[in-house]
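Engineer: Residue-level listing of the chains:
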Amino acid sequence: MTDLTNLTLTETLDGLKNKQFSATEVTQSYIKSMEANRRLNAYVLETPEVALAQAKEADTRYANGTNKALDGIPMGIKDLFCTKGIRTTACSHILDNFIPQYESTVTQNLLNAGISILGKLNMDEFAMGGSNETSYFGPVINPYKADNSDADLVAGGSSGGSAAAVSANMCVAATGTDTGGSIRQPSALCGVTGIKPTYGRCSRYGIMAFASSLDQAGPIAKSVKDCALLLNVMAGHDDKDSTSATVAVPNFTQLIGKDIRGLKIGIPAEYRPDGLNAEISKLWDDGIAMLKARGAEIVNISLPHTKYALAAYYIIAPAEASSNLARYDGVRYGLRVEGNGLDEMYINTRSEGFGKEVKRRIMIGTYVLSAGYYDAYYLKAQKVRHLIRNDFIEAFKKCDMILTPTSPTPAFPIGDKSMQDNPINMYLNDVFTVSVNLAGLPGMSIPMGLSEHGLPLGLQLIGQAFDEQRIFQVAATLEQDAAFKRK
Amino acid sequence: MAIDKETVKRIAFLSRLRVEDDKIEATEAEFNKILQWIEQLNELNTDGIEPLVSVNENNITCREDIVTTGNHSKEVLANAPQAAYGYFTVPKVIE
Amino acid sequence: MSEYIITTEKGKWEVICGLEIHCQIISNSKMYSGASTVFGADPNEHVSFVDAGMPGMLPTLNKQCVHQAVKTGLGLNAKINKYSAFSRKNYFYADLPQGYQITQFQYPLVGEGKVVVDLSDGTTKEIGIERIHIEQDAGKSIHDLDPKRSFIDLNRAGVGLMEIVTKPDFRSPEEAGEFLKKLRSIVRYLGTCDGNMDEGSMRCDVNVSVRPYGSNELRTRCEMKNVNSVKFVMQAIENEAKRHIEVYESGGQIAQETRQFDPVTGQTKVMRKKEYAHDYRYFPEPDLLPLVLTDEYIESVRKEMCELPDAKKARYIEQLGLTPYDAKVICENKEIADFFETAAQGRDAKKVANWLMGDFFAMLKEKHLELKDSPVSAEHLGKLVDLICKEVISGKIAKDVFVIMTDTGKDPEQIVEEKGLKQVTDTGAIEAIIDGVIASNPDNLAAYKGGKTNLLGWFVGQVIKQSQGKANPAIVNKLLKERLDK
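Protein chains in written order, with the numbering used here: chain E, 1 to 487; chain C, 1 to 95; chain S, 1 to 486.
Hints should not be assumed to be uniformly reliable.
[Said to hold, decoys possible] So the derived label-pair ranges between C-beta atoms look like this:
#1 C62/C - D144/S: 36 to 46 angstroms
#2 L379/E - Q319/S: 54 to 64 angstroms
#3 G321/S - T246/E: 53 to 63 angstroms
#4 D144/S - N425/E: 48 to 58 angstroms
#5 H368/S - H72/C: 35 to 45 angstroms
#6 G409/S - G341/E: 54 to 64 angstroms
#7 K10/S - E338/E: 52 to 62 angstroms
[Stated by the list, open to error] The calculated DSSO-like cross-link candidates involving lysine-lysine, where the alpha carbons are at most 27 angstroms apart (straight line), are:
#8 K33/C - K356/E
#9 K92/C - K148/S
#10 K356/E - K89/S
#11 K5/C - K82/S
#12 K140/S - K92/C
#13 K351/S - K92/C
#14 K307/E - K33/C
#15 K5/C - K356/E
#16 K417/E - K33/C
#17 K351/S - K465/S
#18 K74/C - K140/S
#19 K82/S - K167/S
Since the hints were made in silico from the structure, they are not lab data.
Think of the CB as a built atom: it goes at the ideal place given N, C-alpha and C, for glycine as much as any other residue.
Chain E with its partners taken away, still in its complex shape (with noise of 0.2 angstroms):
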C-alpha cells in the first residue's frame, strides 16, 4: 500500500468512502510521520490519543453511513485556535499551560464535521513575525532546503507550523490564521496551497486576537480543492462573532474545473517594483501566460496606494495588538510573575511572558494610541487604510480577479542577520500580502514553481469581497498547469 500521507484531502475521503483504508489507518500513518519529522519542529503539542480517538468514531460512522464531511481527516490545528481541553498557548511563555474551557468555532466546525486532531502546531507568538523564528517553542524548519546549502530554512510566518506540516505530510491539513500574510506566505514558502478568506468569512470567536480588524482564519492545504472543502466547513456566521458575515456560505468547490474563458484577471503595476527578484517575476510572468493560454482576459490595472500598505498596517496591527493583548496579566489565566504590588506583578509578568517582536509590537501599538499622536498615526493610517480599499474597488471594475506573487523572496536561512538586526526588513515579507487583509479580500496562494535552488514559490490570486468561488476555479487551473509536485 501507498503511504497514505502521500495523499491529498480529496483522495483520502474517496479512499474513506471506498473503504480502501480505515480512518484509524489514516491516523495512525500520520502520528507516525508526525513522531519522524520531529525535527522540524511544526508541532508543539502531539495529541495522538486524541486523534486516535476521533478516528475510531469517523470509522464506526464510515461503517454505519452516517459519515460526515470531512469524517476522519487527521488535522494540525494552528496553537491560536484554543481546542477544549488541550493546551493552547500562542506560542507564547505567557499562556503556559494554559488550557480553554471552550472550543473555537472553526475548529468546532471542523470537529463537527469529523476531522480528528493531531496536535497544536507551531507559529509566531502571536502570530507576530513572518519567520516563525518569534516562537516561544523555537523555529519551524522549513520542509525544503536549497540545493547550495544545508542551512536550515525558515518555513515562514506566522502560520509556520500549519504549512511545514502539510508539506511535510505529518498532516493532512491545517488550519491557519492570516491578519498580514500569515496562511499565504508560509504557503508560499513550504510549497502548499492556502486561503485567506475574506474578513468575516470565517468566525474569529476562539481564535486568540492579534489585530481584530484583519484576523482571519482559513485552511492551508495539499490542493485547492482540498482548501474549497475545508472552508465549507470552516466558513459561516456566527452569532458569537459580530464581525462575521452574514453572507450565505456557496459551495466552494462548484467552480472548480469549470472554463476561465473570459475571465479578466489584473496584473497590477505596482507590484513589480525595481529589484523584483527575478525568478519571482519570472514567476509570475509564468503564471500570466497560463492564464492567457486558458483563455482569460489580462488586465494591466494599477493599485496606486501599494506601497503604503506596509506603514498602515504596522500602525493598525500593533494598535489593536496593544489593546488585545492587555488581558495577559497573570491574574486570570497563564504565566504570573509575582511582584511587589499589583502593576509590579503586570510588569513581571508580561516582561517575562510575551516575547521581543510581541513586546515592540505592544509598545508601537501602544506610542501611536497615545494622546497627541493618535490623529498623528492612527487615524491616519485609517485613512490610508481607506485608500487602500478604494484602490481595489476602483481596480475590480477593470477585472474580475487579480494575480500576484505571494512573497518577494523563497525561504531564507533561520537567523538571517539582516532581519534579526532591523525588523523592518523581516516586515517587508508582507509587501505583496498586507493589502490585502486591509481591504478585507479573499486571497490564496498557489504554489507554482521551485526557484534556480529548488525552494517553492507561490503565486497570489486576490478576489472581490466573498468571491473566494472563483479564486478556487482560478486556482485550480494554475494549479494543475504548474503542476507542482511536493518533494
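Fit chains C and S to the supplied structure of chain E, relying on the hints for placement.
Structural biologist: Structure of chains C and S alone, referenced to chain E:
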C-alpha cells in the same frame, strides 16, 4: 516625531512592560527607526478621507436578552495562577 | 430664584458643578455576554468566558441594553443618535479583565437633552444633559479578606451601564441634589435602572469648580468619584467649593485632580493627580460594528414610554386639584403614584391625597415599612375615603378604622360592619339621645337659654360621646340647635 527616553519609559509603563535601563537607548533608536519608516504615510494627502474602521459595512446585529451561561466558576477559575474561595487573587491593592 | 453664593470676608463666590452618573441598566443578561446580572451570587458564578476576558472571546451586544438607554434618553428629552459606535478605553486594573472597557467615545448613543428640577423656593431650573453613552461595568475588588491579597469577583463585570453626563449647569448643592432625585425618579419610572445609590446601581461622579461671583471665567475643576448618596453629593459640592475658595483666597492654585469624598468627615481628599492620570488610548472597538437605529425603532420605544413624573405632576395639579407639594411628593416615586392612582380611581382624589400624605405615610414611617409591604392596600384606602364621603362613618371614626386596617389588613367596609361603626343618621335615634342629655343636664340647659350659646358645642360633644361616636355630627348639630332654641 522622534521618541525620547522619557517617552520610552512612559510607553513601557502604559504597556506594563519593563525596559531595562541599559536597553532604553537601543529601544529609543529602534522605535525611531520604525516610526521614521511609518511616517512615509505623511507623503499622502488624506484630507477629506474618512478613516476606515471596519471593512464589514454591515451594522451590528444584537443578541436577545437571555441568560445563556453561568454557574461555572470552576471553569472560569480553572486556569487561574492564584485563586481562593472562588475569587481570583492579586497582590494587595491599596486604594 | 434664590442664588447660592458663598460669601467670605474677602468676597463672593459662585459654584460651578457638573455630574456624571453611572446607571446600571436593568436587563436579564450582561451587555456583551449571556451571563446573568442578578446581584448576590457566589463569586465568579455569573461570569461568562467573555466577561473573564478569556483569550479569543468576543463581545456580542445585548439589544435590551440599547433599548433601555434609548428609553432613558427619551425620558430625558434627549436626541437619540441613529448612528453610534463603540470604543475601547484602555487601562490596567485587576477587576477589568480585558484590560480595556468597551464604551462609547466619539459617537454616543444619546446626545443633548434637558431635565427640569423643582427647587425649594418654588422655582424651577433646566439642567442640560450633554450625552448618554453605554458601556460595561467592571468587576469588584475586595481588599479586606486577606492581609496580603486582594480578591477579584467578576460577577459585576460586563453588566450594562449608562453614563449620563450633564452640562456644568449646577450652581448650588440643592440643584444637584434635586436633579439626582429627579433623574432617579425618571429611571425608576422607566424601569431602566433601579436607582439605588447605596447599592451602587447608580453612582455619581461630581465635578466642582468655583469662580468669583459675577465673573464668566472657568477655573480648574476637581472630580470626586463614586459619591453614593444624594446627601453626600450635596455635601461634597459644598465642602469642595469651600476648599477651593480657601485655596484661592490664601493665594494658592487648585490642581486638576481626582478626589475621594469621605462620607464620615464630609471632606474630600486627593486620589490621584491628573499628571499621573491614565492615557486611555481610546480607539474604535474592532470587535463590534457600529450601532445604527431607525426612526421606526426610536418611535416604537417612544410608544412604550409611560407618563413621566413632570407630566403626571402637572395632571395631578390641574385635573385632580392636588396641591403642588402633594403632587410632587406623590409623583417622585412611581410606586406611590401608582398606589395613589389606584386608590383615587373614581373618587375624590384630593381627599385620597390627604389621607396618603397624612395618616398613611405616617403609618409607613412609624412601622418602618416600604410601600410594597403596606398592610393597607390602595383599594382599601380608597374604600375608606368612600365611607367618609358617603357619610357612612365620620372622619374621626375613619381614623380608628384606619388603625384597625393597619393592624389587620382588613377591608374597611368589613371593619365598619363587624364593629358596628356605621354613622347614625336616624334622626329618631339621635333625638332620643338628645333628650337624655338635656334631661340630665338641666343646669347647662338653663345657662344656654340664659345666653351662653357657646354651650352648643358641649352638648354636641355629649351626644356624640353617648352615641359612641357614631352619630353624624352635622345631624346632631342641627337637631340640638332646633331643640335648644325651641
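Engineer: Hint by hint, say whether it matches the structure.
Structural biologist: A quick look at each hint next to the structure:
1. C62/C - D144/S: 36 to 46 angstroms: Hint holds: Cβ distance 39 angstroms, inside 36 to 46 angstroms.
2. L379/E - Q319/S: 54 to 64 angstroms: holds, 56 angstroms
3. G321/S - T246/E: 53 to 63 angstroms: holds, 57 angstroms
4. D144/S - N425/E: 48 to 58 angstroms: With Cβ atoms ~54 angstroms apart, the hint holds.
5. H368/S - H72/C: 35 to 45 angstroms: holds, 40 angstroms
6. G409/S - G341/E: 54 to 64 angstroms: holds, 58 angstroms
7. K10/S - E338/E: 52 to 62 angstroms: holds, 54 angstroms
8. K33/C - K356/E: holds, 16 angstroms
9. K92/C - K148/S: Between K92/C and K148/S the Cα gap is close to 5 angstroms, so the pair holds against 27 angstroms.
10. K356/E - K89/S: Satisfied, since the Cα-Cα distance of roughly 25 angstroms is no more than 27 angstroms.
11. K5/C - K82/S: violated, 45 angstroms
12. K140/S - K92/C: holds, 13 angstroms
13. K351/S - K92/C: violated, 60 angstroms
14. K307/E - K33/C: holds, 18 angstroms
15. K5/C - K356/E: Within the cut-off at roughly 19 angstroms; holds.
16. K417/E - K33/C: holds, 17 angstroms
17. K351/S - K465/S: holds, 26 angstroms
18. K74/C - K140/S: holds, 18 angstroms
19. K82/S - K167/S: holds, 22 angstroms
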